[in-house]
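Residues per chain are reported as follows:
Number of protein chains: 2
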Amino acid sequence: MRRSDRIVRLTRELMDHPGEPLSLTDMAQRFISAKSSISEDLAIIRSVMESDGEGTLHTHVGATGGVIYQVSLSDDRAASFVDEVKESLEQDDRILPGGYLYMTDLLGKPQMLRIAGKMFARIFVEKEPNVVLTVETKGIPLAVMTAQYLNCPFVVARRDHKWSEGSSVSTNYVSGSEKRIQTMSLSKRSIHEGARVLIIDDFMKAGGTVKGMTGLINEFSAQVVGTGVFMETAEPSDKLVDQYVSLLSLTEVDESARKIMIKPGNYFSMMEGTIHV
Amino acid sequence: MRRSDRIVRLTRELMDHPGEPLSLTDMAQRFISAKSSISEDLAIIRSVMESDGEGTLHTHVGATGGVIYQVSLSDDRAASFVDEVKESLEQDDRILPGGYLYMTDLLGKPQMLRIAGKMFARIFVEKEPNVVLTVETKGIPLAVMTAQYLNCPFVVARRDHKWSEGSSVSTNYVSGSEKRIQTMSLSKRSIHEGARVLIIDDFMKAGGTVKGMTGLINEFSAQVVGTGVFMETAEPSDKLVDQYVSLLSLTEVDESARKIMIKPGNYFSMMEGTIHV
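So the sequences go chain by chain: A and B. All residue numbers for the first sequence refer to this note's numbering, where the first residue is 8 and numbers rise by one. All residue numbers for the second sequence refer to this note's numbering, where the first residue is 8 and numbers rise by one.
Any given hint might turn out to be false.
Same chains, same names: a pair is fine if it fits in one copy or spans any two.
[Claimed, not checked] Below, a list of computed lysine-lysine pairs in the DSS-like style, where the Cα atoms sit at most 27 angstroms apart:
id : residue 1 : residue 2
1  : K134      : K270
2  : K134      : K266
3  : K186      : K134
4  : K246      : K42
5  : K218      : K195
6  : K169      : K266
7  : K169      : K246
8  : K42       : K218
9  : K42       : K169
10 : K116      : K195
11 : K186      : K93
12 : K270      : K218
13 : K93       : K246
14 : K116      : K186
15 : K42       : K93
16 : K169      : K186
17 : K42       : K195
18 : K169      : K218
19 : K186      : K42
For the record, the hints were derived by calculation from the structure and aren't laboratory data.
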């Protein structure tokens, strides 16, 4: 096989299986190439990915040798993504009655979700989550994309108990901003004891829903290793959740003045001091 | 830039933007390369993708020249995916009280969703959908993945009207198997007049829910160009929906004998006679 053909195939396999260990022996057989040639090509791919801030390859040599593509995103791309989202969301026709913000369309664009998913994957990969949790409905696409890049399964807590989920564990929680008691439930089969859970959601005001998810996870004798939200609100500044990562922060929706103000979330300050790949 | 480095970058950009037109001029500038070199590399990539059944590249030359990576999946990979899913789903501990089948875990695995999404993208790309529709909750991840490969936005019909969706259109429909009247609603902002809508869902029994979604789309003066479901039930064989594509067909759940039987869906017969890329 020509080197250029092999590089296309290797790049494709890695991009199509982020976070997943791929065997060098398997690839050598499939691509009818020496392992040493595969290793040389992987070195080229790693160098390109790293210099572009698009991630890195972790390789183990030897008989059980394998390679994992760990997705990343440069700070520049993350910053321009946040700028783009901010510009789109600050359009005044997004203000809904009651001072709410329409952002469903944005969370329905695969290009946007891919970048948000990469940002979450980049910051949480070091926490080694093995399952991503969200609650229905609007956080699901973000959870799917994040799980994809981390190569984890994802699970969805339901607002009601569903027959299709089998035996479930339910919990009540108080939504922090509205002080309303709500219920969420999660199939008993969905999370194993000792699981390392990453919570992903679209929006966080006081943090009551995330606190509810944390309580639910405790019922499974599992632990929450991180929480990521697409957008938090600046107020209340005192959240019910200690640690979380937000991509954006909604600082103001003024219904009468038709004004929306959005700032970058704490993602960027969280990234400072971490090792950039 | 070395050719090998450029091939890594081009393959990565294409894989990361399936279905999206990418400008040759932009790529030539970003990769500091002549357009003719980029074109040569794209020819290599196309040839590899086509020979592996992983898709093709559509290119336009000239001043506004661009390239689109259209995702596909070989029949072999589709068939082995269906075999794998069948084997996993036929395990008797999946039978829930009432003869239901637990498959939430499977629809929570990114690797599975990617392949299902590619199968839907492959079969529906020729219908030129410009939006993917599902109804909450379990079809959402499938809709996300399919939309990703088709480079469409996706929208989610809600069971109730939500304040965060703004003005919505609601419709009542009769779920075919249970004969219960249900409601679904969709934000007025989410679908434009004349849109070409692809419906994606996880499970179809009699087809009442899909029929409900079709009715909703008619309210928007838009048209349904295709319907894809992950799994249909063999009974009732007379569905409320004329045309649909299923990846799998559930032929039997025998609760007392602890037996589940699954067959490939009509996807494979639908693919016959179509042009394979």
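Status of each hint after checking the structure:
1. Proximity of K134 and K270 under a CA criterion of 27 angstroms is satisfied intra-copy only: 26 angstroms inside one chain copy versus 40 angstroms between copies.
2. In this assembly of identical chains, K134 and K266 lie within 27 angstroms of each other by CA distance neither inside one copy nor across copies; the values are 38 angstroms within and 40 angstroms between.
3. In this homomeric assembly, K186 and K134 never come within 27 angstroms of each other (Cα to Cα): the closest approach is 32 angstroms inside a single copy and 47 angstroms across copies.
4. In this homomeric assembly, K246 and K42 never come within 27 angstroms of each other (Cα to Cα): the closest approach is 52 angstroms inside a single copy and 52 angstroms across copies.
5. Taking the shortest alpha-carbon separations for K218 and K195, only the intra-copy value of 19 angstroms comes in at or below 27 angstroms, while the best inter-copy value is 32 angstroms.
6. With identical chains, the CA atoms of K169 and K266 are at most 27 angstroms apart between copies only, with a shortest distance of 22 angstroms across copies and 40 angstroms within one.
7. Within a single copy, K169 and K246 get their C-alpha atoms only as close as 30 angstroms, which misses the 27 angstroms cut-off; across copies the closest is 24 angstroms, which meets it.
8. In this assembly of identical chains, the alpha carbons of K42 and K218 never lie at most 27 angstroms apart, being 49 angstroms within a copy and 53 angstroms across copies at closest.
9. Taking CA atoms no more than 27 angstroms apart as the test, K42 paired with K169 passes in neither setting, with 49 angstroms inside one copy and 55 angstroms between copies.
10. In this assembly of identical chains, K116 and K195 lie within 27 angstroms of each other by CA distance solely across copies; the values are 17 angstroms between and 32 angstroms within a copy.
11. For the identical chains of this complex, K186 and K93 are neighbours neither inside a copy (29 angstroms) nor across copies (45 angstroms), given an alpha-carbon limit of 27 angstroms.
12. In this assembly of identical chains, the alpha carbons of K270 and K218 lie at most 27 angstroms apart only when taken from the same copy (24 angstroms versus 42 angstroms across copies).
13. In this homomeric assembly, K93 and K246 come within 27 angstroms of each other (Cα to Cα) only inside a single copy, at 22 angstroms, whereas the closest approach across copies is 45 angstroms.
14. For the identical chains of this complex, K116 and K186 are neighbours neither inside a copy (32 angstroms) nor across copies (35 angstroms), given an alpha-carbon limit of 27 angstroms.
15. Within a single copy, K42 and K93 get their C-alpha atoms no closer than 47 angstroms, and across copies no closer than 34 angstroms, so neither meets the 27 angstroms cut-off.
16. For a Cα distance limit of 27 angstroms, the shortest separation of K169 from K186 qualifies both inside one copy, at 25 angstroms, and across copies, at 18 angstroms.
17. Taking the closest pair of Cα atoms, K42 and K195 never come within 27 angstroms of each other, the shortest separation being 43 angstroms inside a single copy and 56 angstroms across copies.
18. For the identical chains of this complex, K169 and K218 are neighbours both inside a copy (22 angstroms) and across copies (22 angstroms), given an alpha-carbon limit of 27 angstroms.
19. Proximity of K186 and K42 under a CA criterion of 27 angstroms is satisfied in neither setting, with 60 angstroms inside one chain copy and 60 angstroms between copies.
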